[in-house]
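So the sequence lines, in the order shown, correspond to chains H and S. Take the first sequence: its letter number 154 is residue 153 in numbering that gives the first Met the number 0, and every next letter is one higher. Take the second sequence: its letter number 280 is residue 279 in numbering that gives the first Met the number 0, and every next letter is one higher.
Take these hints with a grain of salt, some might be off.
The list treats identical chains as interchangeable, and a pair is accepted whether it falls inside one copy or across any two copies.
Only pairs whose alpha carbons sit at most 25 Å apart, straight line, appear in this in silico SDA-like list of lysine to any residue [said to hold, decoys possible]:
{"hint": "1", "residue 1": "K185", "residue 2": "I378"}
{"hint": "2", "residue 1": "K154", "residue 2": "T369"}
{"hint": "3", "residue 1": "K38", "residue 2": "E186"}
{"hint": "4", "residue 1": "K376", "residue 2": "N363"}
{"hint": "5", "residue 1": "K229", "residue 2": "P288"}
{"hint": "6", "residue 1": "K64", "residue 2": "E182"}
{"hint": "7", "residue 1": "K342", "residue 2": "G396"}
{"hint": "8", "residue 1": "K342", "residue 2": "I378"}
Derived by calculation from the structure, the hints in this document are not laboratory data. The structure displayed is predicted, hence computed values, not measured ones.
Protein chains: 2
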Amino acid sequence: MATKPNILILGAGYGGMVTATKITKELGHNEANVTLVSKHDYHYQTTWLHEPAAGTMHHDRTRMKIDDVIDINKINFIQDEVVEIHREENKVSLKNSGQVEFDYLVTALGAVPETFGVEGVFDYSFNKWTVNGAREMKDHIEYMFAKYNNEPEPKDELLTFVVAGAGFTGIEFIGELSERVPELCKEYDIPKSKVKMYVIEAAPTALPGFDPELVEYAMNLLENRGVEFKINTPISEVKENGVILKDGEEIKSSTVVWATGVRGNPVIEKSGFENMRGRVKVDPDLRAPGHENIFIIGDCSLMINEETERPFPPTAQIAMQQAETVAANLKALIKEDKLKEFKPDIKGTVASLGGKEAIGVVGNKKLFGTSANFMKKMIDNRYLWILGGVGLTLKKGKNPF
Amino acid sequence: MATKPNILILGAGYGGMVTATKITKELGHNEANVTLVSKHDYHYQTTWLHEPAAGTMHHDRTRMKIDDVIDINKINFIQDEVVEIHREENKVSLKNSGQVEFDYLVTALGAVPETFGVEGVFDYSFNKWTVNGAREMKDHIEYMFAKYNNEPEPKDELLTFVVAGAGFTGIEFIGELSERVPELCKEYDIPKSKVKMYVIEAAPTALPGFDPELVEYAMNLLENRGVEFKINTPISEVKENGVILKDGEEIKSSTVVWATGVRGNPVIEKSGFENMRGRVKVDPDLRAPGHENIFIIGDCSLMINEETERPFPPTAQIAMQQAETVAANLKALIKEDKLKEFKPDIKGTVASLGGKEAIGVVGNKKLFGTSANFMKKMIDNRYLWILGGVGLTLKKGKNPF
């Protein structure tokens, strides 16, 4: 490494983008070559996608051109798909542009849906929490409403919407959809009573990990908008026209949205890292065990919360905090300093419920309704601030008032 | 008929609506009971539907609540579907509300698509030129764009659009769609070169009956927007994923729009009227042959143009003119006066081509581009004026400037 070391960042999600932004501040122009690889030429906010997916926000508000945010004078950008990490050879294979070498690697490839072995998920459900996937969900939902009045006989499954999973994503999505249903009914001349919405959850509670009082608030609110919950009810199969539950019940539906959680990117498995469901239990300094120059952050990293003895959930909040630590540790490696240990600092969690409704915990405080909604928007704006300062916040931010 | 006679109008399209409006002006409140039957509680402008179908206009602009236009103090309105006309018993069966008696009947039931015996039209093509049908086409088209980027391998048929028929409807529809494609490409992150548009016509020319110079103008313009014409090319079958042409060629497409023309409403055939493709060759005073009290107008009526020795095409223009004659003839029957003969007065024909483009003939004058577009909008506004005066024209009219 006589010349400038090559830092390679894989993925332009929360972890990759914040790493890229921070590293250019930590290191001078002559200290390293930094390259960012991403499938798209835009970054998008996964945590906002329930809104365009339900059609309550335009998808362009959830994304930004990468070269509008990162300084392309300081960072090389390659638009390509990562195929495999050759750990021992310090190389990464890309789908279209061959191999790229690295001295230091930051793996921030994000997650893919977890099916838990349920058949039919990839064939018959909407499960892509991406810009393309959200756009498809939205247009599919509208198309089902449009089809309904063109059928010779009423076909109720067209207006039956099933969300698999009452975790964060499932609840935030049904929050938006249930908020939009009255508007869709008006647009398509359909009585609201024809629309059925189900949220089906295998676990014994919706929003596991949330305070029960908040869970109750959310469920009551959603039930009042017409959502029916089936808790403690595993799905055994997704079919072309609905789902079959473990208890044998069949719900006919033309729209099954899969939101039961995620697993790490398959590239992790393919590249031979020791992993649990695509996630690597990283060292305290966020390096992959046995690799001095490979960091893994975000949804592909696994860290145990010592208080609960369970893994931290894969959240944007943690990915961004990890990115800051990684940027500092990259600098430390190059300067031959001591590496930092990563300590997550969970500031709070807020789930939006559509319209002006939300629930959340910030510090020890429980929040409901408009105050939770306010916090949610502030959290969303804070991220934009970290990433692109006041300019990006004004351009893409949410008005909390 | 010692008491007030019952006038029953079937259908709230151009013919039925104008009949209803005019009859209340021709006859005093005490001279007749007038009842209008329509499947929907709104009237819509069939001749505008190519716009919402392609997504260049909101469907609500093409429709109006019936009771916003007709005076419900003077006319009874029944929202129901006509099943059969019992010609000898002076009764009409409705789907939900039983039978209605009449002394005088005005049949203005409109048209249904003509398949010319091609298999698969009703199963696999979009063919309903109604508000519901247009809304479905629009949402389907958008959904195909949304799906494209979610396929693991490019699936070109998603972005291939086939219009069957280069008559008025087919040309006006592809005019709107081709105008909108650049916007759709932008919205869905798709290069414009991926989109294929075909117009397939069995006859030896597009827009049969139009001046060849106008036809050439229209075709050149549409070809410049990326439309490919296949003239003199009958379709032999519509399949789930495209069309098969008579010459054996197969075009794969997820969106086949059927616009090869129409036939009269099936109620005509079911009710035992002598007919040709659902159209009754009416007497010069617009009555059904052999029936003193049954008028048939609009798309279900057939009249021969003596100059060309061919039937007049089913147009809004003729339906409205027939409605005025029928209103006068109903008055004549009740007052025991002499009935008028109907004489069509073709003022001109303008076909829109999307954006500010159109072609047309008004009197002996050929019109192109913006002047034709201007005329088209004036024609559309004139209808609103006839139906609902200045108020409706201002509310629903098109700005020609």
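Hint check:
For a Cα distance limit of 25 Å, the shortest separation of K185 from I378 qualifies neither inside one copy, at 33 Å, nor across copies, at 30 Å. Neither within a single protomer nor between protomers do K154 and T369 lie at most 25 Å apart by alpha-carbon distance, with minima of 37 Å and 45 Å respectively. When the C-alpha separation of K38 and E186 is checked against a cutoff of 25 Å, the pair qualifies only between copies, where the shortest distance is 18 Å, while the shortest distance within a copy is 36 Å. Proximity of K376 to N363 under the C-alpha cut-off of 25 Å is restricted to the intra-copy arrangement: shortest distance 19 Å within a copy versus 63 Å between copies.
For the identical chains of this complex, K229 and P288 are neighbours neither inside a copy (41 Å) nor across copies (63 Å), given an alpha-carbon limit of 25 Å. For a Cα distance limit of 25 Å, the shortest separation of K64 from E182 across copies, 19 Å, qualifies, whereas the shortest one inside one copy, 31 Å, does not. With identical chains, the CA atoms of K342 and G396 are never at most 25 Å apart, being 28 Å at best within one copy and 64 Å at best between copies. Within a single copy, K342 and I378 get their C-alpha atoms as close as 20 Å, which meets the 25 Å cut-off; across copies the closest is 72 Å, which misses it.
In this structure, the hints that do not hold are numbers 1, 2, 5 and 7, in rising order.
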